[in-house]
Amino acid sequence: MRSSHGPKTPRTAQLFAACLAMCAAVTALAAAEPPADAAQPTAAPAAQPAATPAAPPEAAPAPPPAPAPLGPPTYTKDGADTCRNCHDEEDAKVQVLFKTKHSVRADPNSPMAQLQCESCHGPGGNHAQRSSEPIGFFGKNSPATVPQQNEMCLTCHSNNSRVGWHGSIHERRDLACVSCHKIHTEHDQVTDRAEQPAVCYRCHGDIQAAFAQFSAHPVRYAEMTCTSCHAPHDSLFPALLTKPTVNQECYTCHAQMRGPFLWEHAPVAENCNNCHNSHGSTNPSLLKLRPPLLCQQCHSSAGHPSIAYTGQGLPGHTPSPLLLGGSCLNCHSHVHGSNAPSGADLSR
Amino acid sequence: MNFPIRFDRRAGRKLLLSLSTLACAVHSAHVGAQELPAPPDTSLWKCEACPADTGTTGYVDVGILGANGTDDQFGTYSGLHRDDPYLLLDGLVRYRGSDAEYFDLDGSLFNVDGQRIAALAPYLFLEGGKQGSIELKGSYEEIPYYPYSGALTPFLGVGSSPLTLPANWVVAGSTQQMTALPGSLRETNLRQKRQIADLGGRWLPDQSHWTLDLNYRHDKEGGEKVSGANFLTTTSLLAVPVNYSTDQVDAGAQYTRDNWQVRLGYYGSFFHNGDATITWDNPFIPFGAGANVGRMSAAPDNSFNQFSLSGGWQIVPSTRLMGSFAFGEASQSDTYMPSTINPGITTQPLPRSNLDGSIDTYNYTVRLTSRPIDRLSITADWVDDRRDNKTTQAAYPQVVTDVFVASTLFNLPYSFDRTTARVIADLAVASAGKVEFGVKGQQYDTTYQSVAKTDTSEGWLEFHTSMSSKYGFSLKYDHSRRTIDEFQTAPTVIAVENPLLRRFDLADRTRDELRGTGYIVPVQSLSLGLLAERHEDDYDRSQVGLTAAHDFSVTLSATWTASQDASLQAYATRQVISADQAGSQNGGPADWFAHTADEVNTGGLSGQIKNVKPNLNLGADVYASYTKESINLDVGTPDVAGFPNNTFRDVGLRLFASYKVNKQSSLRVDYWHERYRTQDWALDGVTPTTLVNALGLGITSPNFTVDQLSVNYRYDF
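Chains B and Z, in that order, give the protein sequences. Under this note's numbering, residues 1 to 348 are what the first sequence spells out, in order. Under this note's numbering, residues 1001 to 1717 are what the second sequence spells out, in order.
Looking at chain B on its own, in the form it has when it is part of the complex:
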């Protein structure tokens, strides 16, 4: 089969111009619209008055007058004790909060040591007076925008551990803190090594498939997890890695590959992902492709590197060590580099 050059790619210049035009049009459209009112983070859809049942025409009651607004937001009189008047021990979702770190009043940094419930939910004085009054809450149904919701969390959680959050792909995709974290729960799934991947797989389902392949890092066995290599809100580095480069990340566990070696293998020194797929692969050792074809993508010198090894080299024909067993690695076993003086061919 002759190699194909794949489908025709669009003419780049035209595409670039089209993208620019599209963005200009969108920008003009957005600028033409009246600016949206900055949503109050504590706002929730105002509850509609309950519809009254139909009454005989001769005795139709007048609908009750709409309650007068209570004015600007205020804090409660007694903090959590006010909230607990309604959200008491029968309210399981609130009750469980007191088993978490957010509820430790002896820690001056915790919400309960500060404005208590209102540290996160905003001023609740009006809500305490009338339960139909809105109070801030989080999640898909919240009227607050994602940045506004996140701002609540970042009020406390904006130390250097979150230095990479702003401008990161998760932040630009409007991922809310509560998309991954559950606060009113004793067990936050995403902080549990065994359960964390399931949270990430909600968006990264392709990675779940990768870890199910023949050769993969042991995420399925809870011996590694996504944050073993990635820092979802801490990292300024590519792919949200915990280290500046792929290689530095891999050397955390595979320091035997770091060198420096006397005889280096250039693609190894540049990027482990030149040959390996970090998550999983159908090939042993997480290789993208098995030797000899993988090696022959970069080596075609005269002699055995350039030979096409066909099925004739399989058992039942003329078995070839350049195809079977470790293939190229049957001899060139020091593929990551060699420190032997005579190891220039990576066989010693």
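Note that these hints are calculated values from the structure, not bench results. Take the hints with a grain of salt, since some may be wrong.
Stretch-level coverage of chain Z by chain B, calculated; a stretch enters the list once three of its residues show a Cβ under 8 Å from a Cβ in chain B [as the list claims (entries may be wrong)]:
id : segment
1  : 1169-1183
2  : 1228-1235
3  : 1312-1322
4  : 1398-1407
5  : 1416-1429
6  : 1538-1551
7  : 1616-1623
Over 12 Å on every C-beta distance to chain B, these chain Z residues come out as not near it, computed from the model [as the list claims (entries may be wrong)]:
id : residue
8  : ALA1121
9  : LEU1136
10 : GLY1157
11 : ARG1675
Small disclaimer: the values here were computed from a predicted structure and weren't measured. We treat Cβ as the ideally placed atom computed from N, Cα and C, and that holds for glycine.
Dock chain Z against the given chain B, drawing on the hints supplied.
Below, chain Z alone, put in the same frame as chain B:
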């Protein structure tokens, strides 16, 4: 075909500076600015209705597990590689004091956790301290790795060096002529185990803005792995020892204020190999006098020290500057082994006694984000990663596989510098969603390689809807073009390369990516998700080497919450990864072509019903993975033999039931059935003597069917 914008480091810096100035010059109201009332006096907020979480709680699990049909491959990562009964022991202790003191202990000797996979590798996790003040952590865990079972070898001393042949061994010209081989073969296991111990802590001194952290990790890896060991055109696959240890230290001092934070950090990694060299007997007739013993190097001891400075500064409420600067040095100075172990060969002396290798690494990242108007945010990045190899070059006499003397060669200390600049604009489109437009440029410089410089330009456009409880979708198109800016004459190390070959990581390349996601919640209890991606790489100027790569995947997911007590999740993924490459047997234009394709199909269904009967919960988990790898070669004449597909099938069923006997006791039963089948033509049917000039290990691709049943009693306190 060139991208209209060519990336240039100087132009990129100017662009970044211009955008930064623009962003800072536009002072806008803080996004989401809200007029909040003044905080009240909370000194009277006693929280009397707040329950106190103090005291000690936890649980202890004791159980027994029986398995049938286990295999080393089944034990990979899980440790369950024998059909013995296993004692299960697992526990959790949790202490909370009244003054923020806490202590957690979570340990398992052997356990069946609530997840799909049983982990019979021990672990222990401890954490304690005073929340918000001091935190101490420690952990220990083991990770088994048993990739293959049933390896056969005649070598003695497996797991150590030297690897010797029996006294009655008779060297031969081929494996089939090795008369002593059948009686010498003994089964050996290729198993490794990693043991990790971690100790660390964090201190937040009272009333200060400092946080100090320190972490130490000791990583020990032991066992055996496969390594080829050749003398010219004959080779043996050996089970060589793995005896690694790595010590890592991570320390930092962080200072945080309202609008800025900075962290000074140190990272040190120190690798030690218990074996400096591996020596083995040559089972074949030596090619030259004295070549009856070989010696190869093992991974040398090395170290890496890195200092970093990172931080963020909220310049104005709408604009933030972040950065990370790291400088590191990797070094290695293990004493060289001699050029050869062959006593009959004399060479020039080595130019030095050790490499004294040193590589400086520089990693700089600067990011500026700004929201000049309410609906527009701009992000600009500058990243520079540099590897400056300062290792001395010298001429090393070569003895090829302990057989004969060859030319002296100079080592090549590779360096490279990768600089990337990126600007992204995100515009909210009313309440519908957000449009993102981004451009990125990258320049990559190398030394000692045929390509001295490449230039990559990239642009993308994406739209995604606002977060909604009912539906959402996103669509992204990304296009990039990499071109070779400059060639250079690369020194020849071993053999002259075909001038038409282009290494794929340095070759001209056009890349197109299309990605779409979506979810819909037709009714409150049901959510459906879709993810589809397509990647196309075209190496349009590569006549030899990788010429094209394609990747397409689609993932479907569904979650049904029938009630508070019943839920069901399902997912399915199909992915096809294919590549085309060209080769040349004549040192010129391509005369053979290969097409490879991996088809990956995975899926799973899991469900749980709580309180089927009072206090009785049931659950089930089914998963399946099927992959097929195909290789097709076009050599001008039909490849009559062809390659059979390599396949991997893994199907599992897990059922569990838990019953709460009383407030403190519960029972759990788990049943797990797994059927694992692989076909690998590189291993299957390859006995130790299949290859006439390669003494193999007779490893076969793993296949097993395992049934596992466990019964667990839990006591809660």
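Here's how the hints hold up against the structure:
no., hint, in the structure
1, 1169-1183, "violated (count 0)"
2, 1228-1235, "holds (count 4)"
3, 1312-1322, "holds (count 3)"
4, 1398-1407, "holds (count 5)"
5, 1416-1429, "holds (count 7)"
6, 1538-1551, "holds (count 8)"
7, 1616-1623, "violated (count 1)"
8, ALA1121, "violated (7 Å)"
9, LEU1136, "holds (16 Å)"
10, GLY1157, "holds (18 Å)"
11, ARG1675, "holds (14 Å)"
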